[in-house]
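Visitor: Residue strings, one per chain:
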Amino acid sequence: MSGGTTPPRVLSPLRLFATFCVLAPTVAVIAVPTYDSATPKLGGFPFFYWYQLLWVVLTGVLMVAAYFAIRTDERHRKAFRTASPAAAPGGGAADGEPGPGDGEAGR
Amino acid sequence: MSALSSTASGVHGVELGVVITVFVLVAALGFLAARWRRTGDGHDLHEWGLGGRSFGGFITWFLIGGDLYTAYTFVAVPASLFGSGALGFFAVGYTILVWPLVFIFLPRLWSVSRKHGYVTPADFVKGRHGSRGLSLAIAVTGIVATMPYIALQLVGIQSVLYVMGVGSSSSSFAQDLPLFVAFLILAAFTYTSGLRAPAMIAFVKDLLIYVTILVAVIYIPTRLGGWTHIFSSASKRLATVSPTTHAAAGSTLLSHGNTLPFATLAIGSAMALFMYPHAQVGVLATKRRSTVRRNVSALTVYSLMLGFVALLGYMAIADGFTTKSLGNNTQHAVPALFDAVFPSWFAGIALSAIVIGALVPAAIMSIAAANLFTRNIFVDYIKPDATPAQQTAGSKWVSLLVKFGALAFVLGLDATSAINFQLLGGVLILQTFPAIVGGLYTRYFHRWALLAGWAAGIAYGAVVAWQQSSATQHHFASQVALIPWTHQKAYIAVTALVVNLVVLIVANFILRAVKAPAGVDATSPADYDHDVDDEAVGEGDEPTEPHEVTAPVL
Numbered sequence: 001m002s003g004g005t006t007p008p009r010v011l012s013p014l015r016l017f018a019t020f021c022v023l024a025p026t027v028a029v030i031a032v033p034t035y036d037s038a039t040p041k042l043g044g045f046p047f048f049y050w051y052q053l054l055w056v057v058l059t060g061v062l063m064v065a066a067y068f069a070i071r072t073d074e075r076h077r078k079a080f081r082t083a084s085p086a087a088a089p090g091g092g093a094a095d096g097e098p099g100p101g102d103g104e105a106g107r
Numbered sequence: 001m002s003a004l005s006s007t008a009s010g011v012h013g014v015e016l017g018v019v020i021t022v023f024v025l026v027a028a029l030g031f032l033a034a035r036w037r038r039t040g041d042g043h044d045l046h047e048w049g050l051g052g053r054s055f056g057g058f059i060t061w062f063l064i065g066g067d068l069y070t071a072y073t074f075v076a077v078p079a080s081l082f083g084s085g086a087l088g089f090f091a092v093g094y095t096i097l098v099w100p101l102v103f104i105f106l107p108r109l110w111s112v113s114r115k116h117g118y119v120t121p122a123d124f125v126k127g128r129h130g131s132r133g134l135s136l137a138i139a140v141t142g143i144v145a146t147m148p149y150i151a152l153q154l155v156g157i158q159s160v161l162y163v164m165g166v167g168s169s170s171s172s173f174a175q176d177l178p179l180f181v182a183f184l185i186l187a188a189f190t191y192t193s194g195l196r197a198p199a200m201i202a203f204v205k206d207l208l209i210y211v212t213i214l215v216a217v218i219y220i221p222t223r224l225g226g227w228t229h230i231f232s233s234a235s236k237r238l239a240t241v242s243p244t245t246h247a248a249a250g251s252t253l254l255s256h257g258n259t260l261p262f263a264t265l266a267i268g269s270a271m272a273l274f275m276y277p278h279a280q281v282g283v284l285a286t287k288r289r290s291t292v293r294r295n296v297s298a299l300t301v302y303s304l305m306l307g308f309v310a311l312l313g314y315m316a317i318a319d320g321f322t323t324k325s326l327g328n329n330t331q332h333a334v335p336a337l338f339d340a341v342f343p344s345w346f347a348g349i350a351l352s353a354i355v356i357g358a359l360v361p362a363a364i365m366s367i368a369a370a371n372l373f374t375r376n377i378f379v380d381y382i383k384p385d386a387t388p389a390q391q392t393a394g395s396k397w398v399s400l401l402v403k404f405g406a407l408a409f410v411l412g413l414d415a416t417s418a419i420n421f422q423l424l425g426g427v428l429i430l431q432t433f434p435a436i437v438g439g440l441y442t443r444y445f446h447r448w449a450l451l452a453g454w455a456a457g458i459a460y461g462a463v464v465a466w467q468q469s470s471a472t473q474h475h476f477a478s479q480v481a482l483i484p485w486t487h488q489k490a491y492i493a494v495t496a497l498v499v500n501l502v503v504l505i506v507a508n509f510i511l512r513a514v515k516a517p518a519g520v521d522a523t524s525p526a527d528y529d530h531d532v533d534d535e536a537v538g539e540g541d542e543p544t545e546p547h548e549v550t551a552p553v554l
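Here the protein sequences come in this chain order: L and Z.
Residue numbering for the first sequence follows the working numbering, beginning at 1 and increasing consecutively.
Residue numbering for the second sequence follows the working numbering, beginning at 1 and increasing consecutively.
There may be inaccurate statements among the hints.
To be verified - From chain Z, some residues computed to sit far from chain L (all C-beta separations above 10 Å): (1) 20; (2) 179; (3) 323; (4) 384; (5) 407; (6) 456; (7) 468; (8) 469.
Said to hold, decoys possible - Computed Cβ-Cβ distance ranges for the label pairs, DEER-style: (9) 82/L to 397/Z: 44 to 54 Å; (10) 400/Z to 44/L: 47 to 57 Å; (11) 44/L to 442/Z: 26 to 36 Å; (12) 30/L to 140/Z: 30 to 40 Å; (13) 520/Z to 80/L: 33 to 43 Å; (14) 43/L to 322/Z: 24 to 34 Å; (15) 443/Z to 72/L: 51 to 61 Å; (16) 82/L to 463/Z: 54 to 64 Å; (17) 65/L to 242/Z: 39 to 49 Å.
To be clear, the hints were calculated from the coordinates, so they are not data collected in a lab.
Every residue, glycine too, gets a C-beta built ideally from N, C-alpha and C.
So that you can see chain L by itself, here it is in the shape it has in the complex:
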């Protein structure tokens, strides 16, 4: 982790949101006993089947959300990186290292 800069935080709200989007389908699928049931039925499908098919759709939606969250987050970071040396001449020492992508280890 690059510890020098103050804002934006390593765990920004957007990154937390993306993490949630990625974890939610994983948890839903692994918790098998919660959906191993014939009822409630939907259109003739036992719960076990329609619940999993529903999660396929939800996963798609969550992945779109995660993609946009990450993209927006990175734009903030990039904007901050390019703007901060000029905007804050006194405090710019911390992010003085040049180069694209400052090697944050991510997750």
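Once you have looked at the hints, place chain Z on chain L.
Guide: The following block gives chain Z in isolation, referenced to the frame of chain L:
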């Protein structure tokens, strides 16, 4: 019931005609693909083996879809529901779990591979861990696990031929001639066009598959009396106690003790999928880091379709098919169902969807296996000074060898054995997970510890898989086995991965304590966030157009 008339007796002329027409069209496309989107030097391995690393979101969607949607999915998953019920539905959970995983780690693999020109996962492992031995282990595992996967594509084609009354599931050369011809043509266009051929054919393949599935999911339930009837007749048939095994075949819900097998099968298969070299080929061929992540949401459409494909197994039950009426091979369930319920011209379309659906992944797989051989065995151990042109020539020839190896596999063994070896392949390939995915995040693990863990996982997994027997088979009869010292079953690949990790952690502790040489890491932390935009000034050899800001590391 219609099932009675559909046993393979005589050649089904209309169906065969449609399948042959589609096949000829697709083969022509495959050869034409050589000239499609050509950017650089045709003698470069990045050109032949990765399509010039030039694929954008649209093509990538089809290409990665080709990795997921194989004949195995189309034939074996419904067959598994047909034979044993709810447990087979793990395939849906598996294709849900795979997308979050892809979202997290594949952009990092893309970046580091782009930066250093890695073509295979073993290239990355060599660069990251500074170990040719570990790289060789990864490469050999990849090739060994891919071969039966290709063979399975052939089994899919074979089952279609069987249902049409051509060829057979036994191994006699004359009857397998159609299969042989189909593969000869596949081999030829892969040789000339490289990855461009399957990428282009994937369009046709998906069109055929989506039309088939949509029609099947709407038309067949109406014909069979609705979903309620399909599920209830499946439930009834699966609960019938078999006279040979004295147990019910399965159930439409997970019976007691099947929860953990279901969950581990889903997790293990999801983790294993992108360890297969052919799945990574589709990712490395993209031109931007963000392409993969942007694609993930659209790729879930494949998972949804797969869910409905799986349920075709129950529809076959509802249509009155039994294992016996399928010629004692449940793999015939879907082709036989199509043959029985559709008018013959549409059955022809549906059956060609299966055949083309087998050709695309088979081509990608043989390219991936060939790349592995060339980069990580030929260049590293046999001819270190091979020029890019020699590497490409080598890869082209090996792609032929791999395919004919797979063909020999299918002709020499019966179809059940091919599927068993595919299961073993899944167990083996998952053992490369710590070296590849672990390596994307940390250098903490020592290269020799990774090698020791890999060896332990492979040894455990292979022995346990071999020991599984059933009433009809002596070996490789099941993907799940008892976890040692418990009464609980789990997917062998996952248990083996746990063995792998335990050995890895212990060995790592010892090796670090004695300060064993850790090897040189050729990568730097920034390489894992690298994108094409970063190449504009530096080493980028092709001009990169100005573009929007791309998705970064998570």
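Visitor: Take the hints in turn and mark each one as holding or not.
Guide: Now the hints, each set against the structure:
1. Residue placement check: residue 20/Z keeps its beta carbon more than 10 Å from all beta carbons of chain L (closest about 35 Å).
2. Every CB of chain L lies more than 10 Å from the CB of residue 179/Z, the least distance being 33 Å, so the non-interface label holds.
3. The claim that residue 323/Z is not at the interface with chain L holds, since no C-beta of that chain comes within 10 Å of its own (minimum 23 Å).
4. Under the 10 Å C-beta cut-off, the non-interface status given to residue 384/Z relative to chain L holds; the minimum distance is some 32 Å.
5. Look at residue 407/Z: its CB is around 35 Å from the nearest CB on chain L, clear of 10 Å, so calling it non-interface holds up.
6. No Cβ of chain L comes within 10 Å of the Cβ of residue 456/Z; the nearest lies about 25 Å off, and the non-interface call holds.
7. No Cβ of chain L approaches the Cβ of residue 468/Z within 10 Å, the least distance being about 22 Å, so the stated non-interface status holds.
8. Listed as outside the interface, residue 469/Z is consistent with that label: its C-beta sits roughly 27 Å from the nearest C-beta of chain L, beyond the 10 Å cut-off.
9. Between residue 82/L and residue 397/Z the beta carbon distance is about 50 Å. The supplied range of 44 to 54 Å therefore holds.
10. At about 49 Å, the beta-carbon gap between residue 400/Z and residue 44/L stays in the expected band of 47 to 57 Å.
11. Between residue 44/L and residue 442/Z the Cβ separation comes to about 49 Å, which falls outside the hinted range of 26 to 36 Å.
12. Against the hinted window of 30 to 40 Å, the Cβ-Cβ separation of residue 30/L and residue 140/Z comes to about 32 Å, which satisfies the hint.
13. In this structure the supplied range 33 to 43 Å holds for residue 520/Z paired with residue 80/L, their Cβ-Cβ distance being about 34 Å.
14. Distance hint for residue 43/L and residue 322/Z: a CB-CB separation of about 27 Å, consistent with the stated range 24 to 34 Å.
15. Between residue 443/Z and residue 72/L the C-beta distance comes to about 31 Å, which lies outside the given range of 51 to 61 Å.
16. Taken as a hint, the range 54 to 64 Å holds for the pair residue 82/L and residue 463/Z, whose Cβ atoms sit roughly 57 Å apart.
17. Checked against the hint of 39 to 49 Å, the C-beta distance between residue 65/L and residue 242/Z comes to roughly 47 Å, which is consistent with it.
Checked against the numbered hints given earlier, the structure breaks hints 11 and 15 and satisfies all the rest.
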